[in-house]
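Asker: The chain contents come next:
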Amino acid sequence: MFRKKNTAGVNSNEIRAILDEKKAKMKLSLKACAHCSLCAESCFLFMGHNKDPKYMPSYKFLNSVGVLYKKKGNVDKLDLGEMRDLVWERCVLCTRCYCPIGIDIPDMLALARRICRSQGVYPQYDRE
Amino acid sequence: MALSHIFSWTFMYDFIRGPMVWISFIIFFCGVVFQVLRFMSLLKEQPVKKFEPGPGNIIHSQTVSHLKGDRVKTRWFKKGPDKKDWMVWLKLSIAGVNPFMTIVTTIFHVLLIGVPVFVLGHNILLDNAFGISMVSLPENVSDFLTGVVIFCTLIFLFRRLFLERVKMITSYEDYLFLSLAAAPFVTGYLAYHQVFSNYKLLISLHILSGELLLMAVPFTKFIHMIYMIIVRFNVAGEYSFGNARKNW
Amino acid sequence: MIKAKIKPVQEILDAIDGYEKILNVGCGGCVSVCLVGGQKEVNALNAELKVHLEKAGIQKQIDGYTVERQCNESFLQELDNKVLEYDCMVSMACGAGVQHMAKRFSKIPVHPVVNTVSIGVDKDLGMYEENCRACGHCVLGYTGGICPVTRCAKGLFNGPCGGTNGDNCEISNEIPCAWLDIYKRLKDQNRLDDILKVRPHMEWQNQSPRTIIQEPYEKRYIA
Numbered sequence: 044m045f046r047k048k049n050t051a052g053v054n055s056n057e058i059r060a061i062l063d064e065k066k067a068k069m070k071l072s073l074k075a076c077a078h079c080s081l082c083a084e085s086c087f088l089f090m091g092h093n094k095d096p097k098y099m100p101s102y103k104f105l106n107s108v109g110v111l112y113k114k115k116g117n118v119d120k121l122d123l124g125e126m127r128d129l130v131w132e133r134c135v136l137c138t139r140c141y142c143p144i145g146i147d148i149p150d151m152l153a154l155a156r157r158i159c160r161s162q163g164v165y166p167q168y169d170r171e
Numbered sequence: 098m099a100l101s102h103i104f105s106w107t108f109m110y111d112f113i114r115g116p117m118v119w120i121s122f123i124i125f126f127c128g129v130v131f132q133v134l135r136f137m138s139l140l141k142e143q144p145v146k147k148f149e150p151g152p153g154n155i156i157h158s159q160t161v162s163h164l165k166g167d168r169v170k171t172r173w174f175k176k177g178p179d180k181k182d183w184m185v186w187l188k189l190s191i192a193g194v195n196p197f198m199t200i201v202t203t204i205f206h207v208l209l210i211g212v213p214v215f216v217l218g219h220n221i222l223l224d225n226a227f228g229i230s231m232v233s234l235p236e237n238v239s240d241f242l243t244g245v246v247i248f249c250t251l252i253f254l255f256r257r258l259f260l261e262r263v264k265m266i267t268s269y270e271d272y273l274f275l276s277l278a279a280a281p282f283v284t285g286y287l288a289y290h291q292v293f294s295n296y297k298l299l300i301s302l303h304i305l306s307g308e309l310l311l312m313a314v315p316f317t318k319f320i321h322m323i324y325m326i327i328v329r330f331n332v333a334g335e336y337s338f339g340n341a342r343k344n345w
Numbered sequence: 000m001i002k003a004k005i006k007p008v009q010e011i012l013d014a015i016d017g018y019e020k021i022l023n024v025g026c027g028g029c030v031s032v033c034l035v036g037g038q039k040e041v042n043a044l045n046a047e048l049k050v051h052l053e054k055a056g057i058q059k060q061i062d063g064y065t066v067e068r069q070c071n072e073s074f075l076q077e078l079d080n081k082v083l084e085y086d087c088m089v090s091m092a093c094g095a096g097v098q099h100m101a102k103r104f105s106k107i108p109v110h111p112v113v114n115t116v117s118i119g120v121d122k123d124l125g126m127y128e129e130n131c132r133a134c135g136h137c138v139l140g141y142t143g144g145i146c147p148v149t150r151c152a153k154g155l156f157n158g159p160c161g162g163t164n165g166d167n168c169e170i171s172n173e174i175p176c177a178w179l180d181i182y183k184r185l186k187d188q189n190r191l192d193d194i195l196k197v198r199p200h201m202e203w204q205n206q207s208p209r210t211i212i213q214e215p216y217e218k219r220y221i222a
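Chains as they are written, first to last, in this note's numbering: chain A, 44 to 171; chain B, 98 to 345; chain C, 0 to 222.
Please note that the accuracy of each hint is not assured.
Straight-line C-alpha distance at most 25 Å; calculated DSS-like pairs for lysine-lysine [what the hints assert, rightly or not]:
| hint | chain 1 | residue 1 | chain 2 | residue 2 |
| --- | --- | --- | --- | --- |
| 1 | B | Lys141 | C | Lys81 |
| 2 | B | Lys141 | A | Lys70 |
| 3 | C | Lys6 | C | Lys39 |
FYI, nobody ran anything at the bench for these hints, they're computed from the structure.
Based on the sequences and whatever the hints tell you, model everything.
Answerer: If you want it as structure tokens, here you go:
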């Protein structure tokens, strides 16, 4: 849990700057999420992977943008690598996820993708 | 016994029953208004571009097929009100996908607001204070409904503890807020039935937990009670009602 | 997904000729998947252009940035402030993305860097085959899943022309006759009657830009 962080190659200030651009919406979404998991059935990947809870939109949202916000951008390459798998392999940004409270989940995941891209972390389609 | 000393201390008791009620309601209303304004300021009206068919603007439609005497059949959501259509629509909505949770949540939320507003004890207090009151439920009915609310919170707790998909995204705050929501009902039930000998203690806890709940609404995830309605009628999306035209 | 192929480097160099500050915008959608316009390719193209420019002794500032998708306005918002510092943009997205960008940032020239070829399938890593021409009148069910518009050289909609050259099209020995393949497939499935069904022709509706409004939303947009 207390893994030594190797923050080389990750610019936390840049991450914080990108988070600040959408600060109001992001903080509101994180706070309003009731952790109810009613968004799960609206994600076709969740339904297609045997209802594996790791594909739930709320899980993806809380473990990408939520983690970045809580750690105030102090993540290392390993964290970003895990986030890459979460945000690119478990989501195609089809924008059909439904939140009963009205949180714009695709926008939050797009923000996480944007932050990963800014640190040079992106999907490698030629290395499957 | 030390605890009851603190609570039978006149000041504490009078404070919770008196000024604190006002403070919590003021914080509740002002907080909710503030959060709603903050939310609405994030939304922007997007003009809907009406489509005018004309030169260069063609709506693609398939040429009519001449096969099998294809009569033009309208889609199920274009027909008029019909029993079968409502059934299909219902099945496709969250009620069809997760009927158990839909029913439990609906009952819980209706009673969450309904029971405190219509219970006899509260209405007597209102009558004493302002001379007005709502219609009151008979006491055995409100008693039963309180039991229902507590049962619903137990279902939520069960779900949070044992369902993998909810446990994964649960944090300590969820347990805290669930107990906060249940506390007024539990303490009210216990106080009414005079389960413990110290009635004053329980009723003070009941009032205090109610006040804490009200004060917590604008600043925690409880604000979903207001946001859900605003979002449905304002933000444009697949599931919006009415003339939803705004966008983040 | 949409498949595209990168333009020759000389064409790109001609396009950016005369501009000092260029922004190369990639797209995380279809062109990323077909390995021609994603973040990695943006960086690679920038490096290649710099090498060519240095050899010619020209100094330019070429920066790269990748957005999620260029075909959706909400993903272009993050570029709004960035483009102010550049005098030219090159886009690695498909034609639709380039047009969308050019519309949103209409004061700056936007040059495409890839040629959009087709809607196709992934045959193997790096190899893509065109399968669909987006005619808007799909009859694949009745032709055994083989598209007569794409695969037939004449685009015949309702049957072969009779000019087959053995198994191949009379145009070339390298193009198999699509209708022969359709016949074989329908025969395997015992559905040869479907070949005899005549479908109304397309009437070449795909000559003007077509707009699609999904039926549940018609009331919202049609006045």
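Asker: It remains to establish, for every hint, whether it holds in the given structure.
Answerer: Verification of the hints:
Note on B/Lys141 and C/Lys81: the hinted pairing holds, with a Cα-Cα distance of about 22 Å set against a maximum of 25 Å. With a C-alpha separation of about 18 Å, the suggested pairing of B/Lys141 with A/Lys70 holds against the 25 Å cut-off. Distance restraint check for C/Lys6 and C/Lys39: the Cα-Cα separation of roughly 16 Å lies within the 25 Å cut-off, and the hinted pair is therefore satisfied.
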